[in-house]
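Peer 1: Please construct the entire structure, taking both the sequences and the accompanying hints into account.
The sequence shown begins at 9 in the numbering used here and counts up by one.
There may be inaccurate statements among the hints.
[Said to hold, decoys possible] Okay, the calculated beta carbon distance ranges per label pair:
| no. | residue 1 | residue 2 | range |
| --- | --- | --- | --- |
| 1 | N40 | F184 | 34 to 44 Å |
| 2 | P45 | K79 | 25 to 35 Å |
| 3 | L65 | E39 | 31 to 41 Å |
| 4 | N179 | R151 | 32 to 42 Å |
| 5 | A197 | M93 | 27 to 37 Å |
| 6 | M93 | V71 | 14 to 24 Å |
| 7 | S75 | A116 | 18 to 28 Å |
| 8 | N73 | A52 | 28 to 38 Å |
| 9 | F125 | P163 | 15 to 25 Å |
| 10 | E70 | G166 | 33 to 43 Å |
| 11 | W66 | T37 | 28 to 38 Å |
| 12 | A35 | E150 | 10 to 20 Å |
Calculated from the structure, these hints are not laboratory results.
Positions of the beta carbon are idealized from the N, C-alpha and C atoms, including for glycine.
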Amino acid sequence: MKTLAAIALVLAFTSVACGGEASDDAAITLENWKTQPAITAIDAEVSLLRAPPNAALWERKEVCNASKPNKYYQTREKVTDASGMIRAVTVSEGSPAYSRSSNHYYDAQGRLRLIRFTMNVTPEGSGSSEGEADETLVYFDERGAAFWSVMRRAPFDGISGENLLAAPYTNLDHPFPAETRTPNVIWEAPTEC
Numbered sequence: 009m010k011t012l013a014a015i016a017l018v019l020a021f022t023s024v025a026c027g028g029e030a031s032d033d034a035a036i037t038l039e040n041w042k043t044q045p046a047i048t049a050i051d052a053e054v055s056l057l058r059a060p061p062n063a064a065l066w067e068r069k070e071v072c073n074a075s076k077p078n079k080y081y082q083t084r085e086k087v088t089d090a091s092g093m094i095r096a097v098t099v100s101e102g103s104p105a106y107s108r109s110s111n112h113y114y115d116a117q118g119r120l121r122l123i124r125f126t127m128n129v130t131p132e133g134s135g136s137s138e139g140e141a142d143e144t145l146v147y148f149d150e151r152g153a154a155f156w157s158v159m160r161r162a163p164f165d166g167i168s169g170e171n172l173l174a175a176p177y178t179n180l181d182h183p184f185p186a187e188t189r190t191p192n193v194i195w196e197a198p199t200e201c
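Peer 2: This is the structure in structure tokens:
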């Protein structure tokens, strides 16, 4: 019996050490990632943070105002839970030529679980007739290691984003660096406008 427990422990450790979450799930692929328990659990938690009841715990601050000569703007938003822990931080910035945002989502223990990056480059900013939009999703396990990341890209179509929503995801084959900034550091980071 001790031997079986030791084998199970070694298998679980091997799964985690190889970059996956310790589970009985099949390998995560482009075909199945949206239905994998590790992904769906994180997505469910993020959906709750975006839901209207959390609006009372939402705060926004303008860091840079677009009325300045360079037209650069930056805003930050955060969602704090009832215990005072920051559960989500969004930094949005841009100019007439581009906009980008990074959304960092944390679990109830304050561990980073998902980063969503978006970037929109207008035709003016890209120097082409179309411009470009992209989205990157990076999922993190309970230890803070990235275990799945995907990206999609499409021609920029303005505010609607329909082109991007219709675009297929591709797997990012390179490892994603660990995010070492805490939500407070992101929220309070100095910015030159």
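Peer 1: For every hint, state whether the structure bears it out.
Peer 2: Cross-check of the supplied hints:
1. N40 with F184: 34 to 44 Å: violated, 20 Å
2. P45 with K79: 25 to 35 Å: Hint violated: Cβ distance 44 Å, outside 25 to 35 Å.
3. L65 with E39: 31 to 41 Å: Once the Cβ atoms are compared, 37 Å apart, the range 31 to 41 Å for E39 and L65 holds.
4. N179 with R151: 32 to 42 Å: This hint is violated: roughly 21 Å between Cβ atoms.
5. A197 with M93: 27 to 37 Å: violated, 18 Å
6. M93 with V71: 14 to 24 Å: Cβ of M93 to Cβ of V71: about 22 Å, so the range 14 to 24 Å holds.
7. S75 with A116: 18 to 28 Å: For S75 and A116 the Cβ distance comes to about 39 Å; the hint is violated.
8. N73 with A52: 28 to 38 Å: holds, 36 Å
9. F125 with P163: 15 to 25 Å: Because 18 Å falls inside the window, the suggested range holds.
10. E70 with G166: 33 to 43 Å: violated, 23 Å
11. W66 with T37: 28 to 38 Å: holds, 35 Å
12. A35 with E150: 10 to 20 Å: holds, 19 Å
Hint check: violations occur at hints 1, 2, 4, 5, 7 and 10; the rest are consistent with the structure.
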